[in-house]
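> Please model the entire structure based on the sequences and the hints provided.
Those protein sequences? They're chains A and B, same order as listed. Just so you know, the UniProt record's numbering puts 40 at position 40 of the first sequence, and the rest follows in order with no gaps. Just so you know, the UniProt record's numbering puts 312 at position 312 of the second sequence, and the rest follows in order with no gaps.
Hints are computed from structural coordinates only; laboratory data are not their basis. Any given hint might turn out to be false.
If chains are identical, the list can't say which one is meant, so a pair holds when it fits in one copy or spans any two.
The calculated DSS-like cross-link candidates involving lysine-lysine, where the alpha carbons are at most 27 angstroms apart (straight line), are [what the hints assert, rightly or not]: (1) 202 / 58; (2) 74 / 17; (3) 58 / 74; (4) 86 / 74.
2 protein chains.
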Amino acid sequence: MKWWTKLSNPRLTDVAKPTVNDIARVAGVSLATVDRVLNDRPGVRSVTINKVHEAIDKLGYVRDTAAANLARQKTYRFVFVLPDWKGQFLASLERGIAEIIVSAPQNRTEVRTIRVPNHDHTQLAATLAELDPAQVDGLAIMAKETPLVRDAIADLRKRGIPVVSLVSDQPNSDRDHFVGIDNVAAGRTAGTLLGRFAGGQKGKVVVVITNKQSRDMIERRHGFDQVVGANYPHLEPLPSVEGQEDPAHTERVTLRALQQNPDAIGIYSVGASVQGIARAIAAARLPKRPILIDHELTENSAALLRAGVVDAVITQNTGHLARSALRVLRAKCDKTPVIKSQENIRIDIVIRENLPSMK
Amino acid sequence: MKWWTKLSNPRLTDVAKPTVNDIARVAGVSLATVDRVLNDRPGVRSVTINKVHEAIDKLGYVRDTAAANLARQKTYRFVFVLPDWKGQFLASLERGIAEIIVSAPQNRTEVRTIRVPNHDHTQLAATLAELDPAQVDGLAIMAKETPLVRDAIADLRKRGIPVVSLVSDQPNSDRDHFVGIDNVAAGRTAGTLLGRFAGGQKGKVVVVITNKQSRDMIERRHGFDQVVGANYPHLEPLPSVEGQEDPAHTERVTLRALQQNPDAIGIYSVGASVQGIARAIAAARLPKRPILIDHELTENSAALLRAGVVDAVITQNTGHLARSALRVLRAKCDKTPVIKSQENIRIDIVIRENLPSMK
DNA sequence: CTGAAAGCGCTTACAG
DNA sequence: CTGAAAGCGCTTACAG
Numbered sequence: 001m002k003w004w005t006k007l008s009n010p011r012l013t014d015v016a017k018p019t020v021n022d023i024a025r026v027a028g029v030s031l032a033t034v035d036r037v038l039n040d041r042p043g044v045r046s047v048t049i050n051k052v053h054e055a056i057d058k059l060g061y062v063r064d065t066a067a068a069n070l071a072r073q074k075t076y077r078f079v080f081v082l083p084d085w086k087g088q089f090l091a092s093l094e095r096g097i098a099e100i101i102v103s104a105p106q107n108r109t110e111v112r113t114i115r116v117p118n119h120d121h122t123q124l125a126a127t128l129a130e131l132d133p134a135q136v137d138g139l140a141i142m143a144k145e146t147p148l149v150r151d152a153i154a155d156l157r158k159r160g161i162p163v164v165s166l167v168s169d170q171p172n173s174d175r176d177h178f179v180g181i182d183n184v185a186a187g188r189t190a191g192t193l194l195g196r197f198a199g200g201q202k203g204k205v206v207v208v209i210t211n212k213q214s215r216d217m218i219e220r221r222h223g224f225d226q227v228v229g230a231n232y233p234h235l236e237p238l239p240s241v242e243g244q245e246d247p248a249h250t251e252r253v254t255l256r257a258l259q260q261n262p263d264a265i266g267i268y269s270v271g272a273s274v275q276g277i278a279r280a281i282a283a284a285r286l287p288k289r290p291i292l293i294d295h296e297l298t299e300n301s302a303a304l305l306r307a308g309v310v311d312a313v314i315t316q317n318t319g320h321l322a323r324s325a326l327r328v329l330r331a332k333c334d335k336t337p338v339i340k341s342q343e344n345i346r347i348d349i350v351i352r353e354n355l356p357s358m359k
Numbered sequence: 001m002k003w004w005t006k007l008s009n010p011r012l013t014d015v016a017k018p019t020v021n022d023i024a025r026v027a028g029v030s031l032a033t034v035d036r037v038l039n040d041r042p043g044v045r046s047v048t049i050n051k052v053h054e055a056i057d058k059l060g061y062v063r064d065t066a067a068a069n070l071a072r073q074k075t076y077r078f079v080f081v082l083p084d085w086k087g088q089f090l091a092s093l094e095r096g097i098a099e100i101i102v103s104a105p106q107n108r109t110e111v112r113t114i115r116v117p118n119h120d121h122t123q124l125a126a127t128l129a130e131l132d133p134a135q136v137d138g139l140a141i142m143a144k145e146t147p148l149v150r151d152a153i154a155d156l157r158k159r160g161i162p163v164v165s166l167v168s169d170q171p172n173s174d175r176d177h178f179v180g181i182d183n184v185a186a187g188r189t190a191g192t193l194l195g196r197f198a199g200g201q202k203g204k205v206v207v208v209i210t211n212k213q214s215r216d217m218i219e220r221r222h223g224f225d226q227v228v229g230a231n232y233p234h235l236e237p238l239p240s241v242e243g244q245e246d247p248a249h250t251e252r253v254t255l256r257a258l259q260q261n262p263d264a265i266g267i268y269s270v271g272a273s274v275q276g277i278a279r280a281i282a283a284a285r286l287p288k289r290p291i292l293i294d295h296e297l298t299e300n301s302a303a304l305l306r307a308g309v310v311d312a313v314i315t316q317n318t319g320h321l322a323r324s325a326l327r328v329l330r331a332k333c334d335k336t337p338v339i340k341s342q343e344n345i346r347i348d349i350v351i352r353e354n355l356p357s358m359k
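What follows is the structure in structure tokens.
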């Protein structure tokens with residue numbers, strides 16, 4: 001059956017590919033009834049349902065979603081809720097979302113982004129409560145895990161709106177899916193790179209964290225400690241210092257930590273401002289450049305990677321995050337299965353040599 | 001304009017979104033003429049063309065590709081031509097292709113894979129010559145770069161079939177696009193990891209290559225030498241030994257190299273059978289485990305990563321390769337632009353800690 | 001509970 | 001060179 005050559009029977013494979021019309025004919029019912037069965041709509045006798053299902057099985061029907069959406073004049077409307085920090089990671093994520101917005105009209109999809117103060121659980125919950133099932137077909141949310149948010153998500157699901165958590169999981173809510181990386185593994189990856197790059201040196205490691213409550217931060221730190229404790233016992237990770245979401249504050253706390261530990265051989269930035277850390281390193285005038293491992297590839301971290309200040313960045317592709325969220329949300333709407341392997345977000349390791357050439 | 005709340009004007013944003021009918025009305029022509037202009041079909045006076053274009057601009061029309069394909073009853077038919085080696089990388093690539101085949105019917109796409117003996121340029125060229133533009137809408141090809149293949153590609157393009165090169169580029173042909181990584185950068189990445197993991201040790205590095213002619217091999221070795229020469233002068237990469245595409249032969253040549261250089265501190269596997277290399281390491285009974293950097297993540301290399309025999313794998317995601325080839329081919333058919341950032345295949349670094357959990 | 005007919009946004013013969 | 005009409009595979013009021 002080589003349809004690609006001139007000699008073979010032209011368009012041989014085109015035969016069949018059954019449509020709703022074929023089902024209607026075989027089942028001996030009308031198009032409308034086929035549609036009702038196909039879409040689980042009420043008001044069909046079970047005998048009739050069975051007849052239709054038999055025809056479907058017999059013909060091996062697969063529905064043409066594009067045609068269905070066209071007829072339905074369906075546009076998917078998704079809302080992305082993000083925290084309102086100003087950091088470059090979020091900017092990058094927004095760019096990823098902007099890209100899907102650009103290609104969205106092609107797919108009959110509208111996407112809106114809402115930024116909500118991350119510390120204000122009440123406002124966040126209120127925003128979610130405002131979402132109208134008649135207007136919104138799905139929600140992607142990046143937020144700290146709090147009881148209020150958990151309940152708001154449950155409520156949305158009850159109203160029939162699919163929800164995916166983004167970047168930071170809401171494992172105790174009944175969100176449909178988590179789009180993001182395994183942060184424990186990400187921390188282990190950071191620990192291993194730091195351990196290997198240290199090449200047998202003994203010493204302390206300064207750990208800078210955004211805040212100690214955020215789930216992804218906790219998981220990363222945990223993974224880091226696991227692997228360092230097990231494989232690099234000559235390294236001594238210090239208690240985390242908190243940089244908040246503020247470069248200047250991050251610089252201050254990091255500088256203080258470096259001054260208290262001038263023999264530190266490395267710094268693990270669990271999610272803090274890498275700019276602040278770089279400035280602290282410069283200000284500390286250490287005898288030897290410390291190894292620096294950071295999370296999330298941004299313009300800043302890329303520049304510092306190029307400059308040789310940062311040694312490696314553990315990251316996740318924001319474009320993938322956005323597209324994956326979109327695909328999963330669409331799948332949930334269509335009630336089609338998600339392809340697991342495609343939605344598995346990878347933990348990327350970036351060093352100077354494999355920096356992506358373009359943004 | 002918050003359409004997501006109950007309070008706002010329902011479906012406010014739905015207004016407009018102009019269609020061909022609107023264009024026809026505004027331009028004062030028929031649907032058929034609009035269609036002709038939209039698709040650059042011949043037989044329209046330039047005055048008319050202008051009228052239509054003005055209407056398009058005025059209305060801000062964007063075409064609905066899904067509806068167009070439905071009407072056109074268009075199914076894309078793409079052929080993937082791959083070498084007939086038995087290796088796991090190709091198996092993985094085929095799995096990536098299989099995945100797009102599964103989801104293909106949804107997108108009115110048919111994909112066929114042809115395996116051609118890689119050494120047989122003549123048969124390869126003959127296979128390409130057999131491709132009928134009436135039957136095939138696009139070609140993705142992974143093959144060594146030879147004049148015969150180059151000409152065959154040019155010929156296909158002349159017959160109007162878009163061509164993308166896959167994994168190994170055909171830079172001197174006029175293929176539409178290359179789907180794959182920058183292999184010089186991949187080699188630099190391997191060199192840097194080996195250099196850093198060596199942690200200041202002096203010593204020789206055994207380099208095992210599939211064959212010395214293949215373009216990707218040459219580029220990787222080149223990048224490796226660049227970075228080691230510049231940044232790790234205490235390392236001494238040895239001349240490449242050729243493993244062919246054969247594990248047993250790879251084992252023999254690697255073992256010989258290790259016996260001749262028992263003080264080698266590392267091995268760079270540029271694209272050879274990592275199984276063969278692992279067996280050679282075991283057989284050589286070295287005083288100290290050498291650092292081993294390999295390319296392409298497969299079941300074998302993943303197992304060796306877990307076992308601590310391989311230290312890092314430089315790889316490219318075969319799922320991305322397949323999907324990217326598909327998207328680019330479809331874009332070429334539709335004459336729509338490719339989104340560069342989305343089609344940029346990343347150089348992935350995999351260590352034990354960030355191994356993907358599932359295949 | 002079921003069906004006939006119109007329509008989604010586009011394309012395609014067929015006339016003229 | 002241009003247009004009227006039918007059709008792609010599905011869904012949606014509207015009748016009955």
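> The structure should be examined with respect to each hint, and the outcome stated for every one.
So, going through the hints one by one against the coordinates:
no. : hint     : result
1   : 202 / 58 : neither (69 angstroms within a copy, 69 angstroms between copies)
2   : 74 / 17  : both (24 angstroms within a copy, 13 angstroms between copies)
3   : 58 / 74  : between (29 angstroms within a copy, 25 angstroms between copies)
4   : 86 / 74  : neither (34 angstroms within a copy, 46 angstroms between copies)
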